[in-house]
Amino acid sequence: MATVSVRAVRKAFGSTEVLHGVDVEVEDGEFVILVGPSGCGKSTLLRMIAGLENVTRGEIAIGGRVVNNVAPKERDIAMVFQNYALYPHMTVHDNMAFSLSLLNAPKEVIAAKVGRAAEILGLQPYLQRYPRQLSGGQRQRVAMGRAIVRDPQVFLFDEPLSNLDAKLRVAMRAEIKDLHQRLGTTTIYVTHDQIEAMTMADKIVVMNGGNVEQMGGPLDLYDRPDNLFVAGFIGSPAMNFLKGEIRGGAFHTGDVALPLPLQVPSGAQDGRRVIYGIRPEHLLLDAAGVAATVHVTEPTGSETQVIMNLGTTQVVGAFRERITQKPGQSLHIAPDPALVHLFDEKTGTRLS
Amino acid sequence: MDASTWVAKRPTPSALAQLFDNKAFLIAVCLFPAVGLLLVFLTYPLGLGIYLAFTDTEIGGNGHWIGLENFEYLLTDRIFINSVWNTMFYTFVATVGKFALGLWLALLLNHHIPFQSAIRAIILLPYIVPTVLSAIAFWWIYDPQFSIISYVVVDQLHLRDKYFDFLGEPWPARWSLIVANIWRGIPFVAITLLAGLQTISPSLYEAAMLDGASPWQQFRRITAPLLMPILAIVMTFSVLFTFTDFQLVYAITRGGPINSTHLMATLAFQRGIPGAQLGEGAAIAVAMIPFLIFATLFSYYALGNRKWQQGSDND
Ligand SMILES: Nc1ncnc2c1ncn2[C@@H]1O[C@H](COP(=O)(O)OP(=O)(O)O)[C@@H](O)[C@H]1O
Ligand SMILES: [Mg+2]
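Chains as they are written, first to last, in the working numbering: chain P, 1 to 352; chain W, 1 to 315.
Chain P on its own, in the form it takes in the complex:
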């Protein structure tokens, strides 16, 4: 087990820079998830930690040792690829035993280690099969088994669940989290799916366009997003944003007035133009609230999502109550003032 430090790392492919100075600290035994939209440089960063891409500028250290010029195989890391990268000509057993056989490990050691990994992952019945003969979820497990057998300092996962169907994805999510709790190995996991990030991570690193937008625990990011990007990226359905200005101790957008947060941020003086953020689940039904026009209702049973027009802005609300209003009718709502976010209109950063 080991810590991983990424310090001011930049990466350029030719003349295009795709990472613009990234800092990430991973504690020993921590499960860290890099999350961000496609193309933001998550895989590139992970591959640099693995040693599959070289570092253009900055420093990467594993267990306190700077590894910029250390070959991948000397870094003592194991990686699970998005396409699994199983060796098609080897059985499940041989896939998992490959790294050990390269070390000329004794037969008993190989048998013990592969046996243990197969047991953890429930792969014993498939040891003599070839990858072609496995389902997607089983292949995924073999890829993890190959990593476990190595007993590495750090596990790296690159979107390991994105080729699985929705149901299996949820099951594997729990399985990977459970695996991490049992083995306690430092893990860096890449995904574009914020739900995966929220449910699995000890710490989330939100990336966008080659920069780290915010780093923190899942609930920290949910409760106190640093900027508009994180606010909109974390949470589903996404946070509502309303453009307007602060006047007389309230937020005004068009002719709608909404209450300011309970603890009014210091920068929220009268006349300041801000973006008002409120999550759908933090809109409440309130007869004394503002009237919104129902556009579409989407009942899911446990809650009902309502798309509605609030003044000129379309917002989404998620309500525990059953909604009886038909499209075109009005619904009185109010934001929970304890859970309102304010962002600067120009920079998009949080006012606090």
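You can trust all of the hints, since none of them are fake.
The list that follows gives simulated cross-link-like pairs (lysine-lysine, BS3-like), each with its CA atoms no further than 30 Å apart:
| id | chain 1 | residue 1 | chain 2 | residue 2 |
| --- | --- | --- | --- | --- |
| 1 | P | Lys243 | P | Lys326 |
| 2 | W | Lys307 | P | Lys113 |
| 3 | P | Lys243 | P | Lys346 |
| 4 | W | Lys307 | P | Lys107 |
Hints are computed from structural coordinates only; laboratory data are not their basis.
This one's a predicted model, so the numbers in the text were calculated from it and none came from an experiment.
For chain P, the structure is supplied; the task is to place chain W with the ligands on it using the hints.
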């Protein structure tokens, strides 16, 4: 009629369309040209050749059925026995050479190197030039007086004081032919193996690298086994082409000096056409068939058929 009164109804197809929808008819129509061509251009000559091998036909005369007499005679014919050994030696050495060099080139081209596409085009050149033309070029290269190799080694570098006699002695002549054949065969091997290498996913090498495999181990444990199915097919074809080679040998040495470089194909032609012994020539050609079948089966089954390729794809 407007859109609301129109009723969807499929039009009845014409008789011709119905005929073409008939599966049996369609199969017959589609198979006819292929079967016809095969019968006329493959089966007939092959059958005739095999028939001739059991007769004493000469050019211009009608032969008689003589059973195995041609073959019995050939077994006592030193030149024929020699040509069999020559053919096997030629095929073996040339195949090894072609695959060693072709694989090396393919591996080189599979990495990102400068001028990759230009190099690829150059490698294809020997394959594009008509064989007879390249044979004539080699004939010049091997000429006792005008050889460029002799010119460079003797006149320019002064490493030797006598010109090479490439084609005047049996062994130098055999090696010279093998070199020409390897030169000619490399493009086919290199390009097809390159295509095979490019089907191997780069992430397998990355995974192997992280698993701790050195470049040699990556080649031996990943590249080689994954390339084997394609290698087997390429090898089968290459062995067939080399074993039946005629043009290079006939154009460069005509089987000489003193019949020492005859392959079975050139000897068959020599006996059958200029020598007018059609039956005997055919018998030599027929004698090649068992070798070819054996070589094909060996490279196909021993190298090509892999367990991991079977089973269903679950994608
Ligand atoms: N080998 C490469 N050469 C050039 N550009 C690349 C290469 N790999 C990735 N990129 C670029 O770097 C950016 C980040 O890619 P990547 O790390 O794969 O994104 P993500 O994994 O977050 O979707 C993308 O714009 C991509 O086009
Ligand atoms: Mg990626």
